[in-house]
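2 protein chains.
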Amino acid sequence: MSQKKSLHALFNPASVAVVGATPDVGKPGGRSLAFLKKFGYRGKIFPINAKYPVIDGLTCYADLAALPEPVDLVILLVPAKAVPDYLRASGAAGARAAVVCTSGFAEAGAAGASLQAELVRAADEFNIAVLGPNCLGMMDLHSGLTATFTTALEAEFTPAAGPVAFVSQSGAMGAAVFAMAQYEGIGIGKFISTGNEAVLDFTDFVEYLSDDPNVSLILGYVEGVRGGRRFIAAARRARAAGKTVALLKVGKSAAGELAARSHTGALSGSAKVYEAAFRRAGVLSVDHVRSLLDLAVALPGQKRAAGRRVGIVSMSGGAGVMMADASVAGGLEVAPLTQSTQDALAKVLPDFVGRANPVDYGPVYGDPNAIEACVELTGSDPNVDMVLVFMGLSPGMAGVVDPHLVRAQERCGKPLILAWMGGPAHGITALRKAGIATFDDPSRAVEMAILLARAGGAVAGPDVPLQAEQTPRAVATQAALRASIVAGQAALSEREVKALMAGYGIPVVPEVLATTVDEAVAAGLRFGNDRPLAVKAEAPELIHKSDAGAVRLRVAPSEAGQAFSEVVAAAARVVGAANVRGALIQPMARPGLEVLAGLRYDPQFGATITVGMGGLTSEVLADVVTEVAPIDHALAHSMLQRLRSAPLFGAFRGAVPRDSEALAGVLVALSQFAMDCGPLLAELDLNPVIVHDVGAGCTVVDGAAVLGVDG
Amino acid sequence: MSQKKSLHALFNPASVAVVGATPDVGKPGGRSLAFLKKFGYRGKIFPINAKYPVIDGLTCYADLAALPEPVDLVILLVPAKAVPDYLRASGAAGARAAVVCTSGFAEAGAAGASLQAELVRAADEFNIAVLGPNCLGMMDLHSGLTATFTTALEAEFTPAAGPVAFVSQSGAMGAAVFAMAQYEGIGIGKFISTGNEAVLDFTDFVEYLSDDPNVSLILGYVEGVRGGRRFIAAARRARAAGKTVALLKVGKSAAGELAARSHTGALSGSAKVYEAAFRRAGVLSVDHVRSLLDLAVALPGQKRAAGRRVGIVSMSGGAGVMMADASVAGGLEVAPLTQSTQDALAKVLPDFVGRANPVDYGPVYGDPNAIEACVELTGSDPNVDMVLVFMGLSPGMAGVVDPHLVRAQERCGKPLILAWMGGPAHGITALRKAGIATFDDPSRAVEMAILLARAGGAVAGPDVPLQAEQTPRAVATQAALRASIVAGQAALSEREVKALMAGYGIPVVPEVLATTVDEAVAAGLRFGNDRPLAVKAEAPELIHKSDAGAVRLRVAPSEAGQAFSEVVAAAARVVGAANVRGALIQPMARPGLEVLAGLRYDPQFGATITVGMGGLTSEVLADVVTEVAPIDHALAHSMLQRLRSAPLFGAFRGAVPRDSEALAGVLVALSQFAMDCGPLLAELDLNPVIVHDVGAGCTVVDGAAVLGVDG
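Line order of the protein sequences matches chains E and F.
Each residue of the first sequence is one higher than the one before, starting from 1 at the first, in the numbering used here.
Each residue of the second sequence is one higher than the one before, starting from 1001 at the first, in the numbering used here.
Accuracy of the hints is not assured; some may be wrong.
[As the list claims (entries may be wrong)] If you want the footprint, here are the derived chain F segments under chain E, 3+ residues with CB under 8 angstroms: (1) 1099-1113; (2) 1178-1192; (3) 1343-1357; (4) 1368-1382; (5) 1436-1443; (6) 1679-1690.
[What the hints assert, rightly or not] Restricting the straight-line Cα-Cα distance to at most 25 angstroms, the calculated cross-link-like pairs of lysine to any residue (SDA-like) are: (7) Lys272/E / Gly1330/F; (8) Lys272/E / Leu680/E; (9) Lys1081/F / Pro350/E; (10) Lys433/E / Pro1424/F; (11) Lys1272/F / Gly331/E; (12) Lys38/E / Pro1424/F; (13) Lys27/E / Lys1303/F; (14) Lys1027/F / Tyr365/E; (15) Lys1303/F / Gly1396/F; (16) Lys1027/F / Ala370/E; (17) Lys1027/F / Asp367/E; (18) Lys1303/F / Val1459/F; (19) Lys303/E / Ala460/E; (20) Lys347/E / Gly1330/F; (21) Lys27/E / Pro1424/F; (22) Lys272/E / Arg1642/F; (23) Lys1272/F / Ala622/E; (24) Lys27/E / Val1459/F; (25) Lys81/E / Val1574/F; (26) Lys1081/F / Val353/E; (27) Lys272/E / Leu1643/F; (28) Lys1081/F / Pro363/E; (29) Lys27/E / Lys1433/F; (30) Lys1347/F / Gly1330/F; (31) Lys27/E / Leu58/E; (32) Lys1081/F / Tyr365/E; (33) Lys1347/F / Ala460/E; (34) Lys1433/F / Glu184/E; (35) Lys1081/F / Pro657/E; (36) Lys347/E / Lys1303/F; (37) Lys1044/F / Asp1056/F.
Derived from the structure by calculation, the hints contain no laboratory data.
Keep in mind the model is a prediction, meaning the values are calculated, not measured.
Using N, Cα and C, we set each Cβ at its ideal position, and we do this for glycine too.
Can you make the complete structure from the sequences, with help from the hints?
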């Protein structure tokens, strides 16, 4: 079905039928009908209930079949068991969209799940875009459409239809956030509770809202995203259109993740992939539900910071330092102001206070003109991208400082965020109305500055296609993997992994597969009489060879036969002799920095790439960076720079720099390989990849992989 | 002076003189006087002002000399220049304490600093405990004593004198926090703004409050603590008395720290030492000023959690997961409830919702009895130390759910924290009054659960004496260091460091100092004909020998002479030939895990000990733990366990465990050494210390030290 067209019908119906309407606003069917009138929905409203001829002046129909004309949207407030039939009746009545708030579906055990499957069949049959079930519905204050029964709409309702949309996968959280927004006068123009997402899912709404001209800020509460790559594309489109998408993702500590067999699997779990996906999508990831609301205050329209350099203007030296601490901890810069700004500030402030940044306006705290001058001068400094202002107590400033701050913000042309601690509530409300993002807590103000800077930053990395192009190499790779899966293999051996890597131009250590002691001895001499060797059992199912004692390093060629016998025996003890193919004889690679490179196929976001420090300590330090594939060279370099160990790639303490460029090339090639494999490969480790001195390239020394499924 | 006695006079004066009193409450002198009456101060009040015979019914005196009787406390609201003379006059009038709010002292440039020095001389002369200058003063709502002029007291004032004290090094932050506390009905019983701390400092107040029976929670805003060891002792005493000390420390990102010369210096900067000191002191360290106020709600009296296991009871599955995420991220455990608890919950909740933890009470969200049952059952579970409850919206629960939650909290006997998001303000206020710690934001509720668990945990490590006992060994160590300082050395050589270490029983690698090529050749053979050697220049000023090329490793004995020449020449290029004493010839140590152990003398907290991963990567990974000396074996082991690399000490991936016990012994000995040195040694690195397999001990292979001052 064309989601977009259906969502248009959901958000812009010419008529709405409310099945289960009643005059009693104590009941969902009563509230739902009443809200449509209260919020000024301008289309036709058809109450459906056989008990009443008329409700609140509207003709009431006995059933959907009795409607005098086709209806666009049906709101179903009927028992769960009746929903599939009513959905069919809705389709017959011409409905292109439906909202099902009723619970008792997939969230409520096996019987509910089969009822939900029936609901989906009915929706498919009549091509109906269904929101829900088990949700609070939706509302669009721009059109007055309120397809919901939540009591959050019963309160005194003042907020205007703001440019903020909120999509929530939790009804309870959604209603609570909506209520808090009301308390604070924040205008959420569109609210959608997605419920069980039987038909329409979170990604569908992000897609729709990314094109909605009434929306500049898309907030969301997310437990899990379906169609991850579609989601990334939609969020990037929203971002390109100047909108901001900010999400709170829960479930980071979930113990439910499947145990991974490889290092990469263990190191790039679902939480890390979500982080990578959000980063790639240009989504602002927030940690607190409170922050969603604060963003609606701090980020109206297309307000953003051009960079991450903050100027701090504080009534208190201590508060200035505190905000500087929090800014730096959050990745912002607190750069000194230029000398000319400091000179100009010297005309307003006495000698002994801070004027470099933070600027301490304590001595003139009672003078709004002086405050204005400090803020304007700081904001106009070329080293500043946004201004954080602190006021403490100062009840006398309520209604007084407002035009000064508005003028300062306008003149410097940069975002201003005010922390007014201990200030009166009416003073804060007035400032917000005047367009100054004001908070009563410095930590919240700094958090918003951090998010403003992130919202302004460039989205890194290439677009993420749904799947790879079917090049001849991709087709060949897929055929090889399918053959292994069909042959009953669960994993690939080191040799198989390296052969695949070589096919993508990734440099691997040379090797010979020896199947007997004699072959091992002969192979050992092939790399030179005195070049030390690595001897490793070749057995696909043995992922962690070192742990099993199936690897011997720095073996003299004369001892290759003995080493062969040892590692083959050790491997046989773990996976059985039948699964041991022999041993690989390799020359020891030249020394270098040992890194881990790997891929994992994520069920939501598809192929992902991970790089980190390698060797035995990789899992201990967990110094890894994960990105969704594909990546390009620039993103590969950025991954390396984000490692805590990044300095080890440079001229660290006199060492020769490492060949990061070669490693970046490996990552890009691996990412193309990962895209080509799709779900056929679950996990792959290259560990270690030895990164040599600059210009000398890098070498994959070992590898292992877990096969996936032939979807 | 006896600080305690003086502080008693400050907090419990039988009489107060207000110098600069006026009938005009628009002026500080007017407000100060008015507040004393408003808050019911019960002692005698003497306004001092030559202009008025009577103010507000009180006899006004022309000057302090005119007072009819000695006065205990003088509040000075006079121009800065006049303060020293008035202080002397106060002393002459019998005052034992004074509050100086006036600014224009050390914070205001050189002239102010010399005025402050004069103030200190006057205070010393008359033995007066002075609060300030440049502060907001103090107030004690228990006695009605308000020695302050802050407008924060002008508002409608309802809070009772609660068991909370707040000590602030920033006046503006202090007043703002105090005002916010008022808005929220939180009773701060004592408030002290310490200003410039010319005489009384932050530590003095923590010491005093640790014995104050009216105070159970000491909150503080701190920029820097003087007398760090005295502070630790005071906070530990408060803690032992069942009180909680919670501080917000600012200045963590300060670029002002002196550049350190050693690894330990670079890795154990001021921010890390404050962390260590607060941990040792049992201080709750908070990151947000908001958290100080929240603690006053969450931690009244001696409420604490017996452990870090939280039970979560949520109206929304998603909110439950969100709080579980935040709890786990903050170090709490979300352990499954016992089967018998789950069985009991099954009588209240339907089959399909979470009952293991989090408990999802969504299906019964409208039934206060069911909520009570869920909370009580969860709280009574043996796997739970405290309960987090989430409610969303639910305006109908205001005033209804209160007795149910109170009963559940009482019956389970464990702390309960409620996040009520979107709930009405009056409902939240009523719950707080009823003794339920309630917040409108789940993140704040979880943060309080984390702090509650920390407040309940044991304080680790031995007491920290002001200085070491003067044992014969301590005296000898100090003499040796003094001799080096007197001789003009700025640093100690590797050989000197190892000699000192050996004196404390710390195992060091054997070595010979060679001063000629011939000596080097002879020394090389002393450790065996084929044992590889380390050859290192011996030069006290050369802290980073490797960087200078003054170290050769794995040298064959036959090449010792050549290596000697190379390292000596390399060292001479950096520090000059005159500063090179020769080269150390050492056998290469047996392999093992390389760690860094070190000490640093901190100007506030004295000797500190640091341990971390060693070798070239120590500064890159910054995987270190710092503690204030002295430490004992248990704390040394805890330091090792807190390293990210801790698994490397155990049987990691089949390796033999390392001799952690031996390393712990080195740390304890080093800590005793650090105590003995005091400020005579600024920094010392043992890097690497090689930790061998369990039972095989460890070996200090290299060391360097920077001398301190003979204070």
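Each hint, compared with the structure:
1. 1099-1113: holds (count 4)
2. 1178-1192: holds (count 4)
3. 1343-1357: holds (count 3)
4. 1368-1382: With 0 residues close enough to chain E, the hint is violated.
5. 1436-1443: holds (count 4)
6. 1679-1690: Our answer is that it is violated, as 0 residues pass the Cβ test (under 8 angstroms) against chain E, missing three.
7. Lys272/E / Gly1330/F: With a Cα-Cα distance of about 18 angstroms, the restraint between lysine 272/E and glycine 1330/F holds, given a limit of 25 angstroms.
8. Lys272/E / Leu680/E: holds, 21 angstroms
9. Lys1081/F / Pro350/E: At roughly 18 angstroms apart (the allowed maximum being 25 angstroms), proline 350/E and lysine 1081/F satisfy the hint.
10. Lys433/E / Pro1424/F: holds, 23 angstroms
11. Lys1272/F / Gly331/E: This hinted pair holds, its Cα atoms lying about 19 angstroms apart.
12. Lys38/E / Pro1424/F: Between lysine 38/E and proline 1424/F the Cα gap is close to 22 angstroms, so the pair holds against 25 angstroms.
13. Lys27/E / Lys1303/F: violated, 42 angstroms
14. Lys1027/F / Tyr365/E: Roughly 16 angstroms separates the two Cα atoms, so the pair holds.
15. Lys1303/F / Gly1396/F: Violated, because 29 angstroms separates the two Cα atoms, which is more than 25 angstroms.
16. Lys1027/F / Ala370/E: Distance of about 22 angstroms is within 25 angstroms: holds.
17. Lys1027/F / Asp367/E: Roughly 17 angstroms separates the two Cα atoms, so the pair holds.
18. Lys1303/F / Val1459/F: The given pair, whose Cα atoms are some 17 angstroms apart, holds under the 25 angstroms limit.
19. Lys303/E / Ala460/E: OK: lysine 303/E and alanine 460/E at ~20 angstroms, within 25 angstroms.
20. Lys347/E / Gly1330/F: Cα-Cα ~47 angstroms, so violated.
21. Lys27/E / Pro1424/F: Cα-Cα ~22 angstroms, so holds.
22. Lys272/E / Arg1642/F: Answer holds: lysine 272/E to arginine 1642/F is near 23 angstroms, not above 25 angstroms.
23. Lys1272/F / Ala622/E: holds, 22 angstroms
24. Lys27/E / Val1459/F: violated, 55 angstroms
25. Lys81/E / Val1574/F: violated, 86 angstroms
26. Lys1081/F / Val353/E: Cα-Cα ~20 angstroms, so holds.
27. Lys272/E / Leu1643/F: holds, 22 angstroms
28. Lys1081/F / Pro363/E: Since the Cα atoms of lysine 1081/F and proline 363/E sit roughly 18 angstroms apart, the hinted pair holds (cutoff 25 angstroms).
29. Lys27/E / Lys1433/F: violated, 33 angstroms
30. Lys1347/F / Gly1330/F: violated, 32 angstroms
31. Lys27/E / Leu58/E: holds, 18 angstroms
32. Lys1081/F / Tyr365/E: holds, 22 angstroms
33. Lys1347/F / Ala460/E: The hint is violated at about 52 angstroms.
34. Lys1433/F / Glu184/E: holds, 24 angstroms
35. Lys1081/F / Pro657/E: The hint is violated at about 62 angstroms.
36. Lys347/E / Lys1303/F: violated, 52 angstroms
37. Lys1044/F / Asp1056/F: holds, 14 angstroms
Hints 4, 6, 13, 15, 20, 24, 25, 29, 30, 33, 35, 36 from the list above are not met by this structure, while the remaining hints are.
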